[in-house]
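Now for the letters of each chain:
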Amino acid sequence: MAEGVLARAAWGLRAYGFIVAMWVRSTMAYRASFAIMLAVSFATTFLDFAAIMIMFSHVEALGGFSLPEVAFLYGTSSVAFGLADLFLGQFERIGGRVRDGTMDLLLMRPVPVLVQVAADRFALRRLGRISQGAMVLTWSLFQLDVDWNVGSALMVLVMIVSGGCIFGCVFVLGGAFQFWAQDASEVQNAFTYGGTTLLQYPPTVFGKDLVRGVTFVVPLAFVNWMPALRLLGRDDPLGLPGWVDFASPAVALLCCVITGLVWRAGLRAYRSTGS
Amino acid sequence: MTGEESVDDDGFIDVRELEKVFTVRRRSGFLRRTTSEVRAVDGISFAVPRGEMVGFIGPNGAGKSTTIKMLTGILTPSGGRLRVAGVDPWKERTQLVRRIGVVFGQRTTLWWDLPLRDSYALVKRMYRIPEARYRANLERCVELLELDGLLEVPVRQLSLGQRMRGDITAALLHDPDVLYLDEPTIGLDVISKARVREFLLNLNAEMGTTVLLTTHDLSDIEYLCKRVVVIDHGRLMYDGVLAGLHEVGSSERTLVVDLEREMPPIEGVHGARTVRTEGPRQWLAFPAAASAAPLVSQVAAGYPLVDLSIREPDIEDVIARMYAR
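Chains as they are written, first to last, in the numbering used here: chain H, 1 to 275; chain G, 1 to 325.
The hints are simulated quantities; they were obtained by calculation from the structure and are not laboratory data. C-beta atoms are modelled at their ideal positions from N, C-alpha and C, and glycine is treated no differently. Mixed in with the good hints there might be a few duds.
Stated by the list, open to error - Across the chosen pairs, the derived CB separations fall in these ranges:
{"#": "1", "chain 1": "H", "residue 1": "Ala190", "chain 2": "G", "residue 2": "Val24", "range": "27 to 35 Å"}
{"#": "2", "chain 1": "G", "residue 1": "Met207", "chain 2": "H", "residue 2": "Phe216", "range": "39 to 47 Å"}
{"#": "3", "chain 1": "H", "residue 1": "Leu254", "chain 2": "G", "residue 2": "Arg135", "range": "44 to 52 Å"}
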């Protein structure tokens, strides 16, 4: 390829931008419907948190974590997941695209397939989940007994960005696997929607094997658990070395590399089988 | 970029011994699987010069779509050589897609929920079409395909005929050198069909666009293409002018004679046989390549002949006979 990798990435981002802009404009043509969808998205996700609050009206702590601490986990997990869902939420439809043949159409346009899938039907109403998560997170930040300084604030920020990347990778990976197994979207949902629900609770309420699984196999623990344990001054239930708490960005980067390779392999497999 | 000068105009699309083998896995036991090979395209060769219009026909599953998918770079060939405008479609897909346009009769390339105008605006940005060219091309298509008034309508609300015209427009906004049409007239009414055909002829004549179309509707080919390629079981059965199919297909013409009165079936006419009688009218079949004149004189000599006509073989029958072989 004569075009450099950077030029391709820049073109991909630009294409993502104008496809998304088109979808936003088209949703905004029906403002009332958009407002309702946004409110519904906000309300349904809020019910999640209401369940946690109800639990705390009966108990003092959950797995040794107080309400503000659980709210912090909830908020970081929700926002990270919400960002991934907003920007990359279309990947579960790949199986359907392969089945009905619309995948071919994407291959015939001069924009990377990954970008086209990511931007397709971009839905701003997903901001509902993010804003709800952000509200819970903000509330927890004021309630928590944490010494806030530049370092800890930066840690929260890095944690959300890397968390979003990790969730995003799970979305894309789940999509890529559908090139081989077209009905895999439910498996993907288990990791995405299931994953975010899991991370909304402290790791101490789960069995160690499960925690190990989401640390070493599907590294969801790096979305919020690991860095949050450090911020909240808690012990790691697995007793891992301290630097692991800061590993989230590196894990996110590794996930992106692996995901990129799997995606390319998936697309290549599709182009040789066509089914 | 490969210069266009280097592309031989006679082999603008150049296909040699093209193959596509699919491995089909089937579950044969609880965990056991058997694999078998399906040769969807089995050594096809042809060349299309720039500006030609070629029709692809063949029964379902003959390998037409697979061939088109390899030509557009969607599918990787298993063997053979393939060049479109001097480019290997599979290796340089992203470069090639800017030079080809594709239209599927069965599904739209447009965005279902967006109005046509927004879809076109998106196409413009994806293909980086300069504003002036975009506007000129859009205006031309809107006028010739009678799309005005439809530009603000979401694609899902368009009728099949309107949608097809909308799709053709989308495929042409970036001035492609080659246009692939997969069943472009499927499900269209007579008027829409005529409009689409008219437009394609005009496009080919004025813009010199090379057009490859697959169809089940032979009247499409009769109307549009001088050349037809017949594919069956992944192999090339015929490549040439439409009329030439008759000779290859061992087809028969029919001599229809009206006699003065009802008579027993005509006998003793050399080179023909009576296939049907109905009152005073009789049908005689004879090889398409043979001359009708001696038949007519033989019949006139032995029977009270009132009127006669000759029917050309039905092209569909000819092709059906080819497939059956």
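Quick check: which numbered hints come out false for this structure? 2
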